[in-house]
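Produce the entire structure from the sequences given, and follow the hints as far as they go.
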Amino acid sequence: MAKKSTSVRLIVITGLVACAAVVLCAGLVYAGGYSILFAVRYGGAGDAEASSTPTNVAVVPTLDTHAYDVKLLQLAHVATSSPWYEYFLTGTTTATTTLKKSLWPVKTTYPNYGALLPNNRIVAYYGNFYSKGMGVLGEYPEDVMLQKLKDTVAQWQAADPSTPVIPAIDYIDVTAQGSAGKDGKYRLRMPDSQIDKALDLASKVNGIVILDIQVGLSNLQSELPLIEKYLAMPNVHLAIDPEFAMHNDTPPGRVIGTMSSADVNYAANFLADLVKRNNLPPKILIVHRFTEEMVTGYQNIKPLSEVQIVMDMDGWGFAAKKINTYNSVVYSEPVQFTGFKLFYKNDLKPPSTAMMTPEQVLKLTPAPSFIQYQ
Amino acid sequence: MTYDTLASDDAIVATISALKERGIEAEVVNTRGDALAKVKELIPAGASVNNGSSTTLQEIGLVDYLKGETPWVNLHAKVLAESDPAKQKQLRQEAYFADYYLGSVHALAQTGEMVIASNTSSQLPPLLTTSQNVILVVSTQKIMPTLNEALARLREYVVPLEDARMKSTGASGTILSKIVIFEKEPAFMGRKVCVIFIKEKLGF
Chain A
7 MAKKSTSVRL IVITGLVACA AVVLCAGLVY AGGYSILFAV RYGGAGDAEA SSTPTNVAVV
67 PTLDTHAYDV KLLQLAHVAT SSPWYEYFLT GTTTATTTLK KSLWPVKTTY PNYGALLPNN
127 RIVAYYGNFY SKGMGVLGEY PEDVMLQKLK DTVAQWQAAD PSTPVIPAID YIDVTAQGSA
187 GKDGKYRLRM PDSQIDKALD LASKVNGIVI LDIQVGLSNL QSELPLIEKY LAMPNVHLAI
247 DPEFAMHNDT PPGRVIGTMS SADVNYAANF LADLVKRNNL PPKILIVHRF TEEMVTGYQN
307 IKPLSEVQIV MDMDGWGFAA KKINTYNSVV YSEPVQFTGF KLFYKNDLKP PSTAMMTPEQ
367 VLKLTPAPSF IQYQ
Chain B
8 MTYDTLASDD AIVATISALK ERGIEAEVVN TRGDALAKVK ELIPAGASVN NGSSTTLQEI
68 GLVDYLKGET PWVNLHAKVL AESDPAKQKQ LRQEAYFADY YLGSVHALAQ TGEMVIASNT
128 SSQLPPLLTT SQNVILVVST QKIMPTLNEA LARLREYVVP LEDARMKSTG ASGTILSKIV
188 IFEKEPAFMG RKVCVIFIKE KLGF
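These protein sequence lines map, in sequence, to chains A and B.
Residues in the first sequence are numbered consecutively from 7, following this note's numbering.
Residues in the second sequence are numbered consecutively from 8, following this note's numbering.
One should not assume that every hint holds.
[Stated by the list, open to error] Using 25 Å as the maximum straight-line C-alpha spacing, the simulated SDA-like pairs for lysine to any residue come out as follows:
id	chain 1	residue 1	chain 2	residue 2
1	B	K185	A	P197
2	A	K282	B	E163
3	A	K282	B	S90
4	B	K96	A	K282
5	B	K191	B	M173
6	B	K208	A	P197
7	A	K282	B	A159
8	A	K210	B	S90
9	B	K185	A	K210
10	A	K210	B	A88
Worth flagging that the hints you see were computed from the coordinates, not collected in a lab.
What follows is the structure, encoded as structure tokens:
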């Protein structure tokens, strides 16, 4: 389904026509394109010995938790002179005044080694290859779309040179539908050939794939196992869209759907299990939202060492409205990381005259780690 | 015993002697540059070559050398350059039969057994049987007193480091799926297996 305004509950149903086109699987072999982009520290079992000392213990690289925390503080625009900065890093402060605790950054579980966030920023192109109305992925010929993505990645890299940018193909693999379908679930699952196409495109830009799920009247418990073979790949991550998670037999598109913390935690634990069973680097789980009701019980959402969670503001409109929505549903309900969606078309609808620039988005607190273009 | 200490000259001599007893040629060079020169010397112009993923080959400069103009037919590069899965599979099968296979080992014993592990097994066919010539470039830090200690080096030292290295590239970590103990190369096979030892810490 197409996306929505941050406040107007008018949702345009964009039905998909099932297509039998077969796209040869050309991208299943992942060529890890980005290098070591996250902070590492050499420690662990070998810490007791100097690195130059011969050892019979593998000194494996581990997450540099200090560098990790410093990056979080940077994203949250916390000044190094702030008592909160010192407190966040050390748990104590020498400030004489009462410390006003900030919502950001969030102190939560550290990820396993190999995590992409926060030391990278992901810039994703979103959509479905069958539809020109669901986002930029399906709107342009492949070569045009990929060049636009490369150009957009370059813009973000220039706007924040300290944070390497990883391109992503954010493919809507399960799309909410205006019609019930054979099993009455108001959603359409895409064929594997289309996911293979997303993988192929991602490999061409050394990027990752995000599989985006609109469950309709189905649920995550039914949908996620069907794409397990893809989610078990190291370069494939997951996004879930509460807007189209419907309840009480209400079809999608009539009201805005919702997911609970239990739903989000189910998805996180599903991914964590795959990470553990397949010895993968941490996964990213993106949760879209633009209203408070779309995600309930944010306090109970639990990031895991195997799964990093991004709350993504995906409403459209003019800049002030988007910023206000970000502040009211993402900043004020902190989970772990944040995302921000930009719409090539809907963000230009009057009274808006321009899309927000990377520089404008980066001024948000916290600066989003995930940027999605529709 | 340590896993990252260069072997003594006595240990190297003993290892080379044990390898020769097992039908495997071996020699030692001092530097990574010497090793690269030796590889170039051993492979005649026009020969087809294939190589496995190896930090040691990377560190001696061979991987970069193979990216440029060489006197050889680089079958591994052809595999990587092909985007069509069916054609790539065909090229991979052809690469198994390259005249020369280049790789390394994860550990070896002074008694001459070489220990090689693989998750996907993709490098095993040419190393074990399908290539007529095999060149293994090995830092002397991988020489262990016994086979048991060579196996321990693999499990306790190599695997954790390889796991982290792979995850640092965004790939899955490693899984210790297969372990090969290369006991000897039978003469009737007509293959030539050569180990080039380097007295430098290379790979892990």
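### Query
Are the Cα positions of K191 of chain B and M173 of chain B separated by 25 Å at most?
Given pair K191 of chain B, M173 of chain B is violated - Cα atoms ~30 Å apart, limit 25 Å.
### Task
Verify the proposed pairing of K185 of chain B with K210 of chain A, using a straight-line Cα cut of 25 Å.
violated (31 Å)
### Task
Take a quick look at whether K282 of chain A and S90 of chain B sit within 25 Å of each other, Cα to Cα.
violated (30 Å)
#### Entry: Proposed proximity, E163 of chain B with K282 of chain A (alpha carbon, max 25 Å)
holds (20 Å)
### Query
Do the alpha carbons of K210 of chain A and A88 of chain B lie within 25 Å of each other, as the hint requires?
At roughly 12 Å apart (the allowed maximum being 25 Å), A88 of chain B and K210 of chain A satisfy the hint.
### Hinted pair K282 of chain A and A159 of chain B, Cα distance within 25 Å
It holds: about 24 Å lies between the C-alpha atoms, which stays within 25 Å.
### Query
Regarding the pair K96 of chain B and K282 of chain A, is the alpha-carbon distance no greater than 25 Å?
Distance of about 30 Å is beyond 25 Å: violated.
### Task
Quickly compare the C-alpha distance for K210 of chain A and S90 of chain B to 25 Å and report which way the hint goes.
holds (10 Å)
### Pair hint outcome, K208 of chain B versus P197 of chain A [Cα-Cα no greater than 25 Å]
violated (49 Å)
### Query
Is K185 of chain B close enough to P197 of chain A, meaning Cα to Cα at most 25 Å?
violated (34 Å)
The structure shown violates the earlier hints numbered 1, 3, 4, 5, 6, 9.
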